[in-house]
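Student: Let the hints inform the model, and build the full structure from the sequences given.
Count along the sequence shown from 1, then add 23; that gives the number in the numbering used here.
Watch out, some of these pointers could steer you wrong.
List time: in silico DMTMM-like cross-link candidates among lysine to aspartate or glutamate, alpha-carbon distance up to 25 Å [as the list claims (entries may be wrong)]: (1) Lys108 to Asp83; (2) Lys108 to Asp68; (3) Lys65 to Asp94; (4) Lys86 to Asp68; (5) Lys97 to Asp126; (6) Lys86 to Glu110; (7) Lys65 to Asp83; (8) Lys65 to Asp126.
In short, the hints are calculated from the structure, not lab data.
From a predicted model like this one, the values you see are computed outputs, not experimental measurements.
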Amino acid sequence: VQLQASGGGLVQPGGSLRLSCAASGRIFTINAMGWYRQAPGKQRDLVAAVTRSGSTTYTDSVKGRFTISRDNAKNTVYLQMNSLKPEDTAVYYCNAASFSGSDNYWGQGTQVTVSS
24 VQLQASGGGL VQPGGSLRLS CAASGRIFTI NAMGWYRQAP GKQRDLVAAV TRSGSTTYTD
84 SVKGRFTISR DNAKNTVYLQ MNSLKPEDTA VYYCNAASFS GSDNYWGQGT QVTVSS
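Tutor: Below is the structure:
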C-alpha cells in the first residue's frame, strides 16, 4: 500500500486547511485510515482516524475543529482542519492500517504551520 499526502502549508491562527491522502496498491487489506502529527521534539500522536465503515475517532484537542472523512471509491481520506491554533503546528502523516492490525503504512509527512 502506498499513501500520497498533500495539502499542508502556512496558515494564520483561526484559519483552515484541508489535507488529503490517496491510497493505492492492496487497498482491500486496509481498514482504518487516519492522520498522525509530530511536532519538533515530540512523539508522533494520533490526530484522527476513520474506519472503512465510517467510524471516527479524534484526539481531544481537535474535537469540534477537525473533521476526518473518507471516500472509499477514491481510496482517499481527508482531514478538514478549522480554527487552527499555533499548537497544531506539526508534520502531519497519513496512516493506513490493515484489518488484521498487523500492517501499518505511512505516507510522507506534510508540514502544517500555524503562525501569524
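Student: Would you pick out the hints that fail for this structure and give their numbers low to high?
Tutor: 3
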